[in-house]
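Read top to bottom, the protein sequences are chains P and X. Whatever position you read off the first sequence (first residue = 1), add 148 for the working numbering. Whatever position you read off the second sequence (first residue = 1), add 3 for the working numbering.
A couple of the hints might just be wrong.
To be verified - Dumping the calculated BS3-like pairs for lysine-lysine here, alpha-carbon to alpha-carbon at most 25 Å:
| id | chain 1 | residue 1 | chain 2 | residue 2 |
| --- | --- | --- | --- | --- |
| 1 | X | K93 | P | K223 |
| 2 | X | K127 | P | K524 |
| 3 | X | K54 | X | K127 |
| 4 | X | K93 | X | K54 |
| 5 | P | K371 | P | K524 |
| 6 | X | K65 | X | K162 |
| 7 | P | K543 | P | K524 |
| 8 | X | K93 | X | K162 |
| 9 | P | K543 | X | K93 |
No wet-lab data here; the hints were simulated from the structure.
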Amino acid sequence: MSNNFITRTWNWIDNRIGFTDYIVPLMVHLVPSNARWWYIFGSATLCAFIVQVVTGISLAMSYVPGGEDTYQSLKYITDIAPLGSLVRGMHYYGASAMVMLAVIHMVQVFMHATYKYPREMNWMSGVVLLFVVLGMAFTGQLLRWDANGVWSVTVAAEMAGRTPIIGPTLAHFILGGETVGGSTITRFFAMHVFIMPALIFAGIGLHMLLIFRHGISEMPDVKEPVDPNTYKEAYEKRIKKTGVPFWPVAMWRDVLFSTLIVGVIMACSIFLGPPALDPPPNPSSINANPLPDWYFLWYFAVLSLLPPQLETWVILGVPVIGFVVLFFLPLISNKGHRAPSKRPWAGGAVIFISMAFIVLTIYGYKKPWSPDFGVKFLPASIVGTDHGPLAEGAKLMHIKGCLYCHDIGGYGGHRGPELTEIGKLLTRDDIIIRINNGGHNMPAFASSMSSVELNLIVDFLLTRGVTPDEDIPKNPTQ
Amino acid sequence: MNNEQTTSPANQPCCQQRRTFLTRLSIALSAVIGFVITLPAIGFILAPVFKKPKAKWRTVGKLEDFKVGGFVLVQYEDPSPVAWAGVTAKAGAWIRRASETEFIAFSINCRHLGCPVRWVDDPKLFMCPCHGGVYYEDGTVAAGPPPEPLERLSVRINKDMVEIQTIPTPLTLTTLT
Numbered sequence: 149m150s151n152n153f154i155t156r157t158w159n160w161i162d163n164r165i166g167f168t169d170y171i172v173p174l175m176v177h178l179v180p181s182n183a184r185w186w187y188i189f190g191s192a193t194l195c196a197f198i199v200q201v202v203t204g205i206s207l208a209m210s211y212v213p214g215g216e217d218t219y220q221s222l223k224y225i226t227d228i229a230p231l232g233s234l235v236r237g238m239h240y241y242g243a244s245a246m247v248m249l250a251v252i253h254m255v256q257v258f259m260h261a262t263y264k265y266p267r268e269m270n271w272m273s274g275v276v277l278l279f280v281v282l283g284m285a286f287t288g289q290l291l292r293w294d295a296n297g298v299w300s301v302t303v304a305a306e307m308a309g310r311t312p313i314i315g316p317t318l319a320h321f322i323l324g325g326e327t328v329g330g331s332t333i334t335r336f337f338a339m340h341v342f343i344m345p346a347l348i349f350a351g352i353g354l355h356m357l358l359i360f361r362h363g364i365s366e367m368p369d370v371k372e373p374v375d376p377n378t379y380k381e382a383y384e385k386r387i388k389k390t391g392v393p394f395w396p397v398a399m400w401r402d403v404l405f406s407t408l409i410v411g412v413i414m415a416c417s418i419f420l421g422p423p424a425l426d427p428p429p430n431p432s433s434i435n436a437n438p439l440p441d442w443y444f445l446w447y448f449a450v451l452s453l454l455p456p457q458l459e460t461w462v463i464l465g466v467p468v469i470g471f472v473v474l475f476f477l478p479l480i481s482n483k484g485h486r487a488p489s490k491r492p493w494a495g496g497a498v499i500f501i502s503m504a505f506i507v508l509t510i511y512g513y514k515k516p517w518s519p520d521f522g523v524k525f526l527p528a529s530i531v532g533t534d535h536g537p538l539a540e541g542a543k544l545m546h547i548k549g550c551l552y553c554h555d556i557g558g559y560g561g562h563r564g565p566e567l568t569e570i571g572k573l574l575t576r577d578d579i580i581i582r583i584n585n586g587g588h589n590m591p592a593f594a595s596s597m598s599s600v601e602l603n604l605i606v607d608f609l610l611t612r613g614v615t616p617d618e619d620i621p622k623n624p625t626q
Numbered sequence: 004m005n006n007e008q009t010t011s012p013a014n015q016p017c018c019q020q021r022r023t024f025l026t027r028l029s030i031a032l033s034a035v036i037g038f039v040i041t042l043p044a045i046g047f048i049l050a051p052v053f054k055k056p057k058a059k060w061r062t063v064g065k066l067e068d069f070k071v072g073g074f075v076l077v078q079y080e081d082p083s084p085v086a087w088a089g090v091t092a093k094a095g096a097w098i099r100r101a102s103e104t105e106f107i108a109f110s111i112n113c114r115h116l117g118c119p120v121r122w123v124d125d126p127k128l129f130m131c132p133c134h135g136g137v138y139y140e141d142g143t144v145a146a147g148p149p150p151e152p153l154e155r156l157s158v159r160i161n162k163d164m165v166e167i168q169t170i171p172t173p174l175t176l177t178t179l180t
């Protein structure tokens, strides 16, 4: 009786909404039987997006997008609100997962050349989605409205300001005025919470529609290069013969992997917690160390390593060229082999870009080009004594800021050359000239250092790398 | 069957004309709706871009509090803060009393990508923590990627108070044009 009632109720609803007529055919559409574990990344990206939507809506219930109150609401969410820390952590690690999975999905599609006929628009819509996801990641970092957020938005405005002709207009649009202030965060909140998610929803809708229209691609086969004249007919024939229903034969793998992803996001949030907040968003505070989240560290490194004459070209060119090349890729090559073994350049490009990303990210994290403001005084074990002129010279190395950029025995920055063995490499005159005149990206110290201070530093440096027996300056102080 | 179709009222020339007219009317009215909805919204969003707040003189301290010597960090309020800005309405500057009557002030923004530079007193250098830009005490570039010197701010003494004139965040414009 009860079952009968439920069945009748469902039949009534199904008749009105058309679930069986419209949704079931999509769920059980045929997919290639060899579409297995390589095909799980797209659905996992969607799952990470759902995590972001749910946790994002939850956070928006307490987040105050306005000036100083923003920081206080973040403190409340993190330190006081029940489960606030967990939800904020899930949103943070969910963002990382979404960026990572979107890129992995794109690499997989690229390596299998799934972007070729007839799925060119699948790829193009995916490229747009990837860039919007990166936009979400960037604006999301700024919504963590602390000192790092203030200076990150300043850097973004400065980069936009380099655009020819409309640069200042773009920069002021980003800032919501001529300076960072109360109007800045509200703009990023609107972009992050309304505009970009709407674009992602629309993009996912189009992406899914195209997947159903053209079907899931088969695994690449060396013997079957894509021929636009025959592909569709041959695909339909094969899929009818060997295809399996997406639900549940193929989908269980997607669900299993997505479960794993949600578990990792949850575990990271529980055990690692959300990212710590920097000091409040005070644009007049200089005690900030602006650093992008991990997915943009490579770009941060690029901007530090480039020759100045190339910088503006790269700032403006990398995002534009990156988008254009990726977006139009299927129009350049939409037929022929799909198998990675027949496309060595594609594999080479992925390996090169991956290696560059890893190396630049490590570099961005270490940022050896930045002065080490926190460096300590050289200990006696490194100096060799704790009194006398050598100790004075070592102390001056710190006071005059030399150690901010130069490493001696593991103490100091890495912006300039290491000086641990400098006594073996340069003469007294060489060192004096270098300190006084600067050069090779080093400031001149002639006007900020007395001759006594200079000689104490030079005497100390001449002992570096020289054993006590040969500890005789090559050109002793006069 | 075909006969029925060609003679049905819907396929009469008058009906075709009516359909064409209604199609065009619908498209035109949709465009009007679109403009009416989006124009005020776009205007509202872009307004801050074209609003140029007047520079203001902001007091940063008493004259007697500034000793002749190195730079000190001062804070002042943005020229046109919104009511809810709080601490985000602040701006910073490095100011130095060069003599009894002369002051020199620079914006704290590095001219590379806008990060906050720090004054390091002994070597008399400004250093940027982001990409390693370094400036001498006169604001000129000493090392690193900044393409321009630090932005100088106007300073005046008004009734024994030191005042700084506000400026927009200094942007390094491109030379590609």
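Hints and how they fare:
In summary, the hint linking K93(X) to K223(P) is supported, as the alpha carbons are separated by about 21 Å, within the 25 Å threshold. Note on K127(X) and K524(P): the hinted pairing holds, with a Cα-Cα distance of about 19 Å set against a maximum of 25 Å. Taking the CA atoms of K54(X) and K127(X), the gap is near 38 Å; set against the 25 Å cutoff, the hint is violated. Taken as a hint, the K93(X) and K54(X) pair is honoured in the structure, with Cα atoms around 19 Å apart against an allowance of 25 Å.
Taking the CA atoms of K371(P) and K524(P), the gap is about 65 Å. The hint is violated against a cut of 25 Å. Under the criterion of a C-alpha separation no larger than 25 Å, the hint pairing K65(X) with K162(X) is consistent with the structure, at around 9 Å. At most 25 Å may separate the alpha-carbon atoms for a hinted pair to count; K543(P) and K524(P) meet this at roughly 10 Å. As the CA atoms of K93(X) and K162(X) are separated by approximately 23 Å, the hinted pair is consistent with the 25 Å bound.
Restraint check: the Cα-Cα separation between K543(P) and K93(X) comes to about 36 Å, which exceeds 25 Å; the hinted pair is violated.
Figure legend: structure checked against the earlier numbered hints; hints not met, in rising order: 3, 5 and 9.
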